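Peer 1: Chain residues, written in single-letter form:
There are 2 protein chains.
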Amino acid sequence: MQFHHHGYVSGDPRVQPPAGTGIDRPAELPDTMDVLIVGTGPAGMIAAAQLAQFPSVHTRIIDRRPGRLEIGQADGIQARSVETFQAFGFAERITAEAYRITEMAFWKPDPADPSRIVRTARPADDPTGVSEFPHLLVNQARVLDYFAECAANAPTRLRPDYGWEFVRLEVDDAAEYPVSVTLRRIEDAGGAERVVRAKYVVGADGARSKVREAIGCHLAGDQANHAWGVMDVLAVTDFPDIRTKCSIQSEAGNILLIPREGGYLFRMYVDLGEVRPEDHGAVRATTIDQIIARANEILHPYTLDVRDVAWHSVYEVGHRLTDRFDDVLPADLGRRTPRIFITGDACHTHSAKAGQGMNVSMQDGFNIGWKLGHVLDGRSPEALLATYSAERQVVAKELIDFDKQWSTLMAKKPEEFASPTELEDFYVRTAEFPAGFMTQYSPSLIVAEAEHQALATGFPIGKRFKSAPVERVCDGNPVHLGHHARADGRWRIYVFADAARAGEASAVRDFADWLTASPESPLAATPAGLDPDAWFDVKVVYQQDHTGVDIGAVPEAFLPRVGPFELIDYEKVYAADPEHDIFVERGIDRGGAIVVVRPDQYVADVLPLRATDELAAFFRPVLAVSVSA
Amino acid sequence: MQFHHHGYVSGDPRVQPPAGTGIDRPAELPDTMDVLIVGTGPAGMIAAAQLAQFPSVHTRIIDRRPGRLEIGQADGIQARSVETFQAFGFAERITAEAYRITEMAFWKPDPADPSRIVRTARPADDPTGVSEFPHLLVNQARVLDYFAECAANAPTRLRPDYGWEFVRLEVDDAAEYPVSVTLRRIEDAGGAERVVRAKYVVGADGARSKVREAIGCHLAGDQANHAWGVMDVLAVTDFPDIRTKCSIQSEAGNILLIPREGGYLFRMYVDLGEVRPEDHGAVRATTIDQIIARANEILHPYTLDVRDVAWHSVYEVGHRLTDRFDDVLPADLGRRTPRIFITGDACHTHSAKAGQGMNVSMQDGFNIGWKLGHVLDGRSPEALLATYSAERQVVAKELIDFDKQWSTLMAKKPEEFASPTELEDFYVRTAEFPAGFMTQYSPSLIVAEAEHQALATGFPIGKRFKSAPVERVCDGNPVHLGHHARADGRWRIYVFADAARAGEASAVRDFADWLTASPESPLAATPAGLDPDAWFDVKVVYQQDHTGVDIGAVPEAFLPRVGPFELIDYEKVYAADPEHDIFVERGIDRGGAIVVVRPDQYVADVLPLRATDELAAFFRPVLAVSVSA
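Here the protein sequences line up with chains A and B, keeping their order.
Just so you know, we're using our numbering here: the first sequence kicks off at 295 and counts up by one.
Just so you know, we're using our numbering here: the second sequence kicks off at 295 and counts up by one.
Hints in this document: simulated from the structure, not taken from any laboratory.
All values derive from a computational prediction rather than experimental measurement.
One or more hints might be untrue.
[Stated by the list, open to error] Listing some non-contacts, in silico: residues in chain A with all C-beta distances to chain B over 12 Å:
hint, residue
1, Gly301
2, Glu397
3, Asp439
4, Pro534
5, Thr581
6, Ala684
7, Thr702
8, Gly770
9, Asp844
10, Ala905
[Said to hold, decoys possible] Chain B stretches covered by chain A per the calculated footprint, using a threshold of three residues with CB under 8 Å from any CB of chain A:
hint, segment
11, 581 to 593
12, 731 to 742
13, 766 to 773
14, 788 to 801
15, 859 to 867
Even for Gly, the Cβ is constructed at its ideal location relative to N, Cα and C.
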């Protein structure tokens with residue numbers, strides 16, 4: 295955490311000084327705004343928290359609810375999400391209050407007496423060390439609280455406007471605020487309507503999204519839904535794995551058991567079977583007592599004495615997806631840029647059982663958040679916005695394919711399995727997917743072709759930047775390189791040095807000089823008056839350990855002068871940790887490499903240190919505001 | 295973190311439900327209270343945060359200041375303090391914003407040109423792994439903020455009463471509230487006085503303590519003070535170790551350099567030499583420009599361009615100590631129990647350079663806090679309070695002896711050293727002391743004789759309980775056994791099992807049954823209506839790994855039923871981690887052992903599993919309220 299460089303900060307350094315639109319931010323919803331986000335769920339709130347970092351951008355986020363969510367449905371937090379929370383500054387706090395999954399138990403009918411269940415396997419949750427971040431379970435309401443805190447502490451002091459319902463919208467491309475949105479105040483008995491205008495609208499308004507309707511998108515997919523009785527309960531039981539995530543398959547049906555934060559609460563998804571449209575919602579009449587009775591049958595010979603029900607529902611869902619995530623019709627692709635975006639459940643619905651929904655939704659919101667910020671801040675052309683739908687629709691499709699497999703397996707009867715360990719084998723084999731690390735974006739305006747991938751095999755282009763340990767030179771601290779990256783909207787350029795020592799003539803020194811001095815350097819786009827690292831966070835990693843790097847000989851490009859006192863930022867200069875050499879762990883060429891990382895942590899390009907022309911060429915269209923603005 | 299067992303908690307689980315005196319706590323300072331703490335520094339605030347956990351105890355804490363401290367003098371946070379913060383629930387948050395010391399650099403005159411300094415050594419800060427917690431630097435104001443948050447979130451909703459000055463006190467042992475304290479409202483121009491009455495008073499009012507005066511204590515020690523110019527500054531320099539803790543000795547004098555939180559700020563202690571009484575405070579007239587000029591001379595050939603001064607002072611201090619920390623005169627020892635206590639700088643002053651002051655002061659406050667809580671809550675006799683002065687005065691004496699050595703070494707001229715590495719050798723050799731782990735309390739009412747120490751050599755009786763990794767059985771999570779201990783005022787009984795498996799006839803099962811059922815068990819003292827673990831937190835550690843422990847066969851003593859729903863608390867049952875076997879790492883006998891730990895984390899006793907009589911005998915006087923109340 296870096297602070298004090300604008301003068302001494304006495305209080306919580308997480309509270310950033312207000313700036314730009316945060317200085318006189320209207321407490322009430324104004325008539326015009328840059329971005330209107332509809333819905334304060336995970337997708338909407340992360341987008342808001344990201345946009346809140348751009349002082350020039352006025353963002354509002356509305357919700358029908360009168361205030362914060364009290365209890366939410368989602369609770370699965372994959373490691374990729376915790377990695378994301380790290381960038382937003384609350385990973386350690388939410389981890390401290392969450393349940394942590396380190397293994398999963400599988401229970402099946404006892405072959406000796408199939409009326410009784412027995413534990414058959416207990417595989418580790420992340421046996422291959424996919425991530426240094428944990429896999430958590432915690433109620434969605436707390437995730438939203440933390441994003442709300444981030445947004446409120448950001449320079450723009452963004453706070454949700456509760457009690458507003460989205461009604462409809464119209465677009466007039468010629469207007470300064472092209473999207474006219476009709477809202478209804480929820481507290482008004484008469485349901486008074488009001489029109490506000492925005493440059494862009496993000497629909498994060500859930501599976502019944504009205505924003506989706508307004509742009510003529512439709513969820514398409516399965517006709518059949520699968521129904522589950524879900525309950526968050528406090529109970530006394532003799533089932534020994536009640537604090538372990540379990541798949542329980544018995545002759546009486548299936549349960550997915552999800553222990554929850556706090557040491558006592560747990561969730562059970564009790565299988566209620568496939569539901570055909572002709573059911574006409576009858577399954578929804580299933581009572582909590584029926585769900586509890588069913589759970590007791592499945593758990594036999596163990597019993598469940600429910601003492602308190604925190605929440606319950608009948609959860610009925612199919613696998614459905616929209617074919618686009620914005621308002622550009624296929625015929626207009628490449629001819630206009632989008633004004634309206636949909637995210638999260640508005641675009642993709644699926645079972646809750648793989649614990650993916652909230653996670654994928656948050657990555658939707660992170661993705662659109664920085665892109666809107668860059669366009670509205672004048673850093674990038676509007677063409678950047680077309681990459682949102684192109685990138686995220688593919689991810690949603692992969693999610694639905696995965697979830698179909700997983701939920702089909704989970705709903706199988708014991709005798710239907712091809713092998714006795716089919717379910718747990720699938721779980722272990724596919725661990726990288728549910729952990730959130732399989733996403734790989736295709737080449738685009740912001741993802742290069744993998745021409746030089748061999749220079750850094752551990753940083754696949756299009757996948758998220760996987761952190762590794764390094765030593766910070768200025769203080770010798772062992773740190774994780776990627777954990778220093780904040781969700782501050784900046785591009786990151788990681789410069790892995792060649793073997794020369796700092797100060798010696800070398801490719802890395804030449805590159806550093808070019809970065810600082812060349813008019814072709816992407817850094818040259820940074821407006822005068824801002825800190826030199828305001829748009830690009832450039833870090834160097836030397837091959838020596840920290841005692842082998844003379845910080846006095848490190849090029850200026852890696853020691854920028856920041857803030858009103860023009861102080862040296864020393865936290866850009868790193869060294870290899872001899873015990874976990876990042877050059878070895880991430881397959882980085884000893885001749886050095888440049889790794890370009892997007893504001894949402896995805897690797898955009900890998901280049902040789904001498905490839906200044908290619909680096910300039912990569913960023914030229916990304917920064918070409920004058921061409922299309 | 296455990297919650298939800300009283301029903302679903304929607305918001306931040308760190309905010310405990312209000313209880314007892316927290317339900318209708320008066321916003322304004324009332325006329326009577328159980329405990330009055332004078333001073334909101336580190337000693338006072340930790341005592342308040344600890345007492346805030348006792349719903350039956352009404353504690354007030356006053357300060358002359360009109361509000362929170364904006365910038366404090368102390369900044370060194372030893373690992374023992376971070377361990378303590380863990381128990382108060384904010385270790386990870388303060389670590390995230392603090393500077394972390396991992397090594398220290400030593401600079402001396404270059405033998406080739408003694409007018410220039412050169413780096414001569416760079417030893418690791420904790421080469422032997424004294425603690426799993428880091429050594430930090432962060433402003434005292436932030437430490438106080440976190441304790442204030444703990445106290446406000448505690449059941450008693452304790453908040454400081456600012457703007458009150460302590461004037462004098464009188465004691466009438468016969469009264470219900472024996473201590474009458476005269477206060478003055480700071481905001482009143484006339485300085486109106488007011489009398490409040492308390493059962494106990496804690497003086498945490500600093501080196502010029504009026505509470506100390508009121509009980510006739512005096513600081514005794516050196517006649518001579520040593521003076522240092524201290525400055526917290528933002529500067530540009532070419533000194534390469536500006537972000538590393540440094541001892542700099544040059545021909546022009548000495549500097550202790552302390553990098554600070556946030557990446558830019560640093561503190562320098564610039565040596566101004568010994569001050570004799572006849573100086574009459576002339577040294578205090580040293581200006582910030584003189585301090586900066588002196589720093590530049592010492593740093594030669596490097597330069598320091600100070601751009602902003604956050605704080606500066608001339609720091610003049612001797613080594614002084616009071617001979618008692620309470621109001622019981624030597625002649626009355628054992629004949630009356632104390633009513634008034636002094637803590638922190640009120641009892642001991644010394645140089646700031648070993649970074650000890652705030653840390654030792656916090657342990658003073660932690661020590662008196664739980665003891666007052668136990669006496670006022672009716673758990674323990676007043677005799678417990680006599681152990682405060684007895685324990686902490688010795689620690690203060692050790693601190694002053696250590697600091698004399700360290701500050702004498704730091705002030706030496708290069709040519710005065712016995713060997714060229716005398717200073718850094720001392721630093722490395724004594725690492726356990728400044729880390730805060732050398733304290734070992736002598737046998738007393740609450741520390742047993744070390745008769746059975748051989749059963750657990752890694753838990754020395756009288757020293758703090760050093761955590762080690764274990765596996766939690768219910769969920770297979772790898773956890774640190776000691777990190778689960780909250781500063782909740784409870785005694786802890788760690789039961790290390792013999793080799794039998796859970797459920798088999800064994801010494802551990804017999805002990806568990808005795809704990810639950812015997813009228814001689816210390817747990818029998820817990821009042822009816824409270825949770826069975828309200829006074830004693832009993833945990834078991836089995837020798838098998840977590841898959842080898844059948845939680846269904848674990849004795850009830852280790853699975854208490856808690857809260858209104860009588861839910862099972864599963865977080866008392868642990869297993870050895872095969873990769874870091876706690877039985878090996880802490881030298882625990884394979885026949886098992888009982889380790890009794892005080893509420894302030896010090897080991898009180900080590901016993902064999904069969905020693906129920908000895909355990910009962912240990913606790914009998916500790917719990918013997920009726921005898922002396």
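Peer 1: Look at each hint and say if it fits the structure.
Peer 2: These are the hints, each one checked on the structure:
1. Gly301: Not fine: 6 Å to the nearest Cβ puts Gly301/A too close to chain B.
2. Glu397: It is violated; Glu397/A is separated from chain B by about 5 Å at its closest Cβ, not greater than 12 Å.
3. Asp439: 7 Å, violated
4. Pro534: Not fine: 5 Å to the nearest Cβ puts Pro534/A too close to chain B.
5. Thr581: 20 Å, holds
6. Ala684: Fine: 36 Å to the nearest Cβ keeps Ala684/A off the interface.
7. Thr702: Thr702/A is indeed farther than 12 Å from all Cβ atoms of chain B, at 27 Å.
8. Gly770: Gly770/A is in fact no farther than 12 Å from some Cβ atom of chain B, at 5 Å.
9. Asp844: Not fine: 7 Å to the nearest Cβ puts Asp844/A too close to chain B.
10. Ala905: 31 Å, holds
11. 581 to 593: violated (count 0)
12. 731 to 742: violated (count 0)
13. 766 to 773: The restraint on the segment 766 to 773 of chain B holds, since 5 of its residues have a Cβ under 8 Å from chain A and three suffice.
14. 788 to 801: It is violated, with 0 qualifying residues against the three required.
15. 859 to 867: holds (count 7)
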